[in-house]
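S.K.: Chain by chain, the residues run as shown.
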Amino acid sequence: MMPDADLLDATFFALADPTRRAILARLATGKASVGELTEPFEMSQPAISKHLKVLERAGLVSVDQDGTRRLRRLETAPLDAATDWIARYRDLWESQFRRLDAVLDQLKAARRSD
Amino acid sequence: MVTLPETAQVSLPGDTRVSVKRAFRAPRELVWEAYTTPELMRRWLTGYPGWTMTVCEMDVRAGGTFRWRWRGDADGKEFGFHGEYLEVDAPARLHNTEAFDPGDVGGSMGAEPALITVTFEEHDGATVMTTLIEYDSRASRDEAVATGMTDGMEWSYKNLDRTLAERQKG
Numbered sequence: 001m002m003p004d005a006d007l008l009d010a011t012f013f014a015l016a017d018p019t020r021r022a023i024l025a026r027l028a029t030g031k032a033s034v035g036e037l038t039e040p041f042e043m044s045q046p047a048i049s050k051h052l053k054v055l056e057r058a059g060l061v062s063v064d065q066d067g068t069r070r071l072r073r074l075e076t077a078p079l080d081a082a083t084d085w086i087a088r089y090r091d092l093w094e095s096q097f098r099r100l101d102a103v104l105d106q107l108k109a110a111r112r113s114d
Numbered sequence: 001m002v003t004l005p006e007t008a009q010v011s012l013p014g015d016t017r018v019s020v021k022r023a024f025r026a027p028r029e030l031v032w033e034a035y036t037t038p039e040l041m042r043r044w045l046t047g048y049p050g051w052t053m054t055v056c057e058m059d060v061r062a063g064g065t066f067r068w069r070w071r072g073d074a075d076g077k078e079f080g081f082h083g084e085y086l087e088v089d090a091p092a093r094l095h096n097t098e099a100f101d102p103g104d105v106g107g108s109m110g111a112e113p114a115l116i117t118v119t120f121e122e123h124d125g126a127t128v129m130t131t132l133i134e135y136d137s138r139a140s141r142d143e144a145v146a147t148g149m150t151d152g153m154e155w156s157y158k159n160l161d162r163t164l165a166e167r168q169k170g
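Chains as they are written, first to last, in my numbering: chain A, 1 to 114; chain B, 1 to 170.
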């Protein structure tokens with residue numbers, strides 16, 4: 001059981017682009033339509049829609065039907081999974097580095113007593 | 001003033017790389033010694049709890065090779081890494097290839113060996129060790145990081161499975 005590698009790959013790919021990160025930052029403040037998301041960028045609506053598709057595939061954005069309006073909404077679960085993934089990797093290194101700390105303490109002590 | 005990373009910092013600088021940075025309270029000659037002497041390496045590069053480092057051979061000079069292997073205490077499964085030192089500049093920098101041997105544990109870290117650059121920088125008696133790992137593709141990088149955490153996770157999931165099974169019985 002490990003996090004779905006394809007989904008993580010999609011998450012990191014989605015996050016690798018500054019426009020997509022800006023879209024996520026905007027959605028973090030609340031739901032928005034494609035039109036509203038297009039406004040701050042010097043980009044066409046189809047270009048923004050393309051970015052939204054990538055974000056949707058990564059599960060970072062979902063669509064809410066609000067009457068006749070389709071609003072995009074931020075989904076945080078994949079971000080949590082991605083952060084968790086890095087955190088576990090870091091913990092593995094850190095646990096080894098703590099043992100290295102102990103080895104270094106012994107080397108220092110041995111050097112002092114020489 | 002330099003802010004020292006007191007605990008390991010992991011970042012993904014670019015699509016194919018992983019960087020791990022950590023400060024040690026020792027001069028860099030000692031950190032270098034602990035990083036390049038097999039008997040010392042064996043004592044800290046032990047992997048996850050429940051794993052034993054069974055092989056640690058290192059011929060640290062340009063053109064020299066290394067071979068590391070671990071065995072799971074419970075099931076005897078093995079995996080390892082091996083590679084070649086491309087540049088050795090003691091006590092400042094090591095540059096080597098590193099290939100993952102999945103043994104009977106499984107997982108992948110790409111078809112091509114990764115390129116590792118370890119730098120040791122001393123600041124006021126402390127040493128910042130930075131390991132930059134470059135994979136052959138983004139997919140390999142992501143697989144490698146995922147593989148690096150699999151064992152620990154499987155271990156905890158096994159415990160969870162056992163706990164759940166016991167509960168259902170009771």
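What the hints contain is simulated information worked out from the structure, not anything from laboratory work. Note that the coordinates shown come from a computational prediction; the quantities given were computed from them, not determined experimentally. Ideal Cβ placement from N, Cα and C applies to all residues, glycine included. Among the hints, erroneous ones may be present.
Claimed, not checked - Quick partial rundown of chain B residues pointing at chain A, CB under 10 Å, derived from the structure: (1) VAL10; (2) SER11; (3) ALA26; (4) PRO38; (5) LEU45; (6) CYS56; (7) ARG61; (8) GLU143.
S.K.: Next, verify each hint and record whether it holds.
M.R.: Outcome of the hint check:
1. Hint status for VAL10 of chain B relative to chain A: holds, with the closest Cβ pair at about 4 Å, below 10 Å.
2. Annotation: interface hint on SER11 of chain B holds; nearest CB of chain A at approximately 9 Å, less than 10 Å.
3. Satisfaction of the interface hint for ALA26 of chain B is found here, the shortest Cβ-Cβ separation to chain A being roughly 4 Å, below the 10 Å cut-off.
4. The interface hint given for PRO38 of chain B is broken, as the beta carbon of that residue sits about 13 Å from the closest beta carbon of chain A, more than 10 Å.
5. Look at LEU45 of chain B: its Cβ gets to within about 6 Å of chain A, closer than 10 Å, so that hint holds up.
6. Because the closest C-beta pair between CYS56 of chain B and chain A is about 13 Å apart, greater than 10 Å, the hint is violated.
7. Annotation: interface hint on ARG61 of chain B violated; nearest CB of chain A at approximately 21 Å, more than 10 Å.
8. With a cut of 10 Å, the hint placing GLU143 of chain B at the interface with chain A holds, because the nearest CB-to-CB distance is about 6 Å.
Hint violations for this structure: numbers 4, 6 and 7, all remaining hints satisfied.
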